[in-house]
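Asker: Produce the entire structure from the sequences given, and follow the hints as far as they go.
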Amino acid sequence: MAIVAQNKCKIYQMDMKLAFLNGYLEEEVYIEQPPGYSKQGQQDKVYHLKKALYGLKQAPRAWNTRINEYFQKNGFIKSLYEHALYTKKNEVGDIMIVCLYVDDMIFFLYSDDMIFTGNNPGMFNDFKKAMTKEFEMTNIGEMSYFLGVSVKQTKDGTFVSQKKYAEQILRKFNMKDCKPVATPAEPGTILSVDSSREPVNPTLFKSIIGSLRYLTITWPDIMYAVGIVSRYMEKPKQDHLIAAKRILRYIKGTIDQGLFYTYSQSSKLVGYSDSDYGGDLDDCKSTSGYLFHIGSAAFSWSSKKKQAVALSTCEAEYVAVATCTCQAIWLKNILGELSIIQEGPITIYVDNKSTISLVKNPVSHSRSKHIDTKYHFIREQVKNKKCGVSLLQNRRSTGGYFYEAIESRHIL
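With full-length UniProt numbering, letter number 190 in the sequence shown gets 190, and the count goes up by one each step, no holes.
Don't read these hints as lab results, they were simulated from the structure. Nothing here was measured: the structure is a model prediction, and the numbers come from that model. Worth double-checking, as some hints may not be accurate.
[What the hints assert, rightly or not] No more than 20 Å apart at the CA atoms, straight line, and that leaves these computed lysine to aspartate or glutamate pairs for DMTMM-like:
(1) K10 to E134
(2) K237 to D280
(3) K88 to D126
(4) K332 to E82
[To be verified] Between beta-carbon pairs, the in silico distance windows are:
(5) R379 to E69: 40 to 46 Å
(6) N384 to N174: 52 to 58 Å
(7) L338 to D126: 17 to 23 Å
(8) E91 to L18: 34 to 40 Å
(9) L18 to T347: 46 to 52 Å
(10) N74 to Y54: 22 to 28 Å
(11) E134 to E91: 20 to 26 Å
(12) S339 to I217: 21 to 27 Å
(13) L18 to S266: 41 to 47 Å
From the three backbone atoms N, C-alpha and C, an ideal C-beta is built for every residue, glycine too.
Answerer: This is the structure in structure tokens:
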């Protein structure tokens, strides 16, 4: 969606009817004659399946193999980095991108020179005709709703939100008439497994957390808070439930908000990385996070507790930026397949001078010699000029909700 807004084009959607019935089976599978379809005098015999049926374990793989062979047969190239992504390029430089999700597919077309005029509908029409001829398809048209996400495509950009899904969650947990709050987490609140508060219903708590997890698709500012309360699903206590319901109260106050992707002259991929130090009260592990945007569109974010205990703030930030670098390289490779070439190293902003010095200095000393070898690969990326680490001095100077969220600890 960020690329669609960046190139001022539209994204379309098609739906496959009874997708799993189109897959050819490689294994020998036999089933009993179903009631009402048994052949008289031969009730002791079974059917030998040639195609998959719903309920078979082989059905998803058989369908994926069939659609993958069809795409590659018709000139599409499968992505090496995202196996549900296919691209096709014609002789004039137009690129069609198709993303497959089980039986749903979304696709769009843009020009290789980053300017899409919409005057070449040939690839669109040929694709839709070929798909309809091969499979039983429903042409939905311009995408407006996909997997619980509402999509509004206008001439000014693309707006995505989960308002309808959020309203369903608030009704489900009797929070429709709750009082909104300004932040998803109470400032200064520290949760622990060893809470002295009374236990709560684990099923209810897990249901709330699962619903909030899906909301993080379009609510990046709740990512950190949801990650914190997700740690206590095994034995939730009353204060954990209060923290989870506070996020619902924040959703209530921001239910009309979403992500607005607009055109930007720059298509540069930029990342931000941050981490706390020993923030978890139970095991003293750090929580790190990253965010990436291309042009003016933030499209990739994460907040996650690390597996190892950091011995310093420098180490905590160093491990966080190493994880961010892995994501940066993966995103750069995918963008390259979509003909959005990233010239020069990808800039990753960090707010720790010691971390930047450690990244650029290959000398091992007492503060870094114990760090796991796998995190040092970032030095090779910086040396090969695939990534660059810069100091984020004034978060507010460049504007944007991301910096506000860091300051208020909505996300890391």
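Asker: Take the hints in turn and mark each one as holding or not.
Answerer: Structure-based check of each hint:
In summary, the hint linking K10 to E134 is not supported, as the alpha carbons are separated by about 24 Å, beyond the 20 Å threshold. Proximity of K237 to D280 is assessed by CA-CA distance (about 17 Å); at most 20 Å being required, the pair is judged to hold. The suggested pairing of K88 with D126 holds, with an alpha-carbon distance near 12 Å, which does not exceed 20 Å. With a CA separation close to 12 Å, the supplied pair K332 and E82 stays within the 20 Å bound.
The hinted window of 40 to 46 Å between R379 and E69 holds, with their beta carbons roughly 42 Å apart. Between N384 and N174 the Cβ separation comes to about 55 Å, which falls inside the hinted range of 52 to 58 Å. In this structure, L338 and D126 meet the distance hint of 17 to 23 Å, their C-beta atoms being roughly 20 Å apart. E91 and L18 have their C-beta atoms about 36 Å apart, which keeps the hinted 34 to 40 Å range intact.
Between L18 and T347 the Cβ separation comes to about 47 Å, which falls inside the hinted range of 46 to 52 Å. The supplied range of 22 to 28 Å is met by N74 and Y54, whose beta-carbon atoms lie about 26 Å from each other. E134 and E91 have their C-beta atoms about 24 Å apart, which keeps the hinted 20 to 26 Å range intact. Between S339 and I217 the beta carbons are some 26 Å apart, a value that agrees with the proposed interval 21 to 27 Å.
Here the CB-CB span from L18 to S266 is close to 44 Å, well matched to the stated 41 to 47 Å.
Hint 1 from the earlier list is the only one contradicted by this structure; the remaining hints agree with it.
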